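J.: Residue numbers for the sequence shown follow the numbering used here, beginning at 26 and rising by one.
These aren't lab readings, by the way, just hints derived from the structure by calculation. For clarity, every value in this text was computed on a predicted model and none was experimentally measured. We put the CB at the ideal spot given by N, CA and C, even for glycine. Do not rely on the hints blindly, as some may be mistaken.
[Unchecked claim] Here are the simulated distance ranges between beta carbons:
#1 T39 <-> F114: 34 to 42 Å
#2 G32 <-> P60: 19 to 27 Å
#3 P60 <-> T137: 41 to 49 Å
#4 A134 <-> R106: 13 to 21 Å
#5 A154 <-> E66: 20 to 28 Å
#6 P36 <-> E70: 36 to 44 Å
#7 A154 <-> R49: 24 to 32 Å
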Amino acid sequence: MDQSFTGRSYPPQTSYEVSREKIREFADAIGDANPLYRDPEAAREAGHPDVIAPPTFLTIINLASINAIVTDPELGLDYSRMVHGDQGFTYTRPVFAGDLLEVTTHIDAIMTRAGNDFISLRADITDAAGQKVCSTRAQLVVRGENA
């Protein structure tokens, strides 16, 4: 991989409007029946303006930004040898139905270790007011040819 990509940032390409239906579908997909993900009244009783999204919900919008980077032919990442090494989320606040979110993605590091390439990505997710909602991090590993 081209290590000169370290430090690059990729601005938002689109906005993503979070809907109750998408939150419910995601909660169904992960098998979580938490009423805060489904019932607006339960969410309001818990002090939220609307239903909230499960913690890993932002993978939906984060994945598109990651894929745009890793499929850039100039980066030189062999997608067929890539595996997902690590993922994390640091929230400033929950994601609510009705949020309009944007993602700015950063390449924090690219390194080679034991014949494998590692790329560390960070995404800053903000709401319509420009306030940070969450930062995500992902480490991807591209296995070496002899691995």
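J.: Starting from the range 36 to 44 Å, see whether the pair P36 and E70 falls in it by beta-carbon distance.
T.: holds (38 Å)
J.: Indicate whether the distance between the beta carbons of A154 and R49 respects the range 24 to 32 Å.
T.: holds (25 Å)
J.: If I claimed the Cβ atoms of T39 and F114 lie 34 to 42 Å apart, would that claim hold in this structure?
T.: violated (21 Å)
J.: Is 41 to 49 Å a correct range for the gap between the Cβ atoms of P60 and T137?
T.: Because 47 Å falls inside the window, the suggested range holds.
J.: Could you check the hint for me, namely that A134 and R106 are 13 to 21 Å apart, CB to CB?
T.: Hint holds: Cβ distance 19 Å, inside 13 to 21 Å.
J.: With respect to the beta-carbon atoms only, verify the hint that A154 and E66 lie 20 to 28 Å apart.
T.: holds (26 Å)
J.: If you check the beta carbons of G32 and P60, does the distance land in 19 to 27 Å?
T.: Violated, at about 43 Å.
Checked against the numbered hints above, the structure breaks hints 1, 2 and satisfies the rest.
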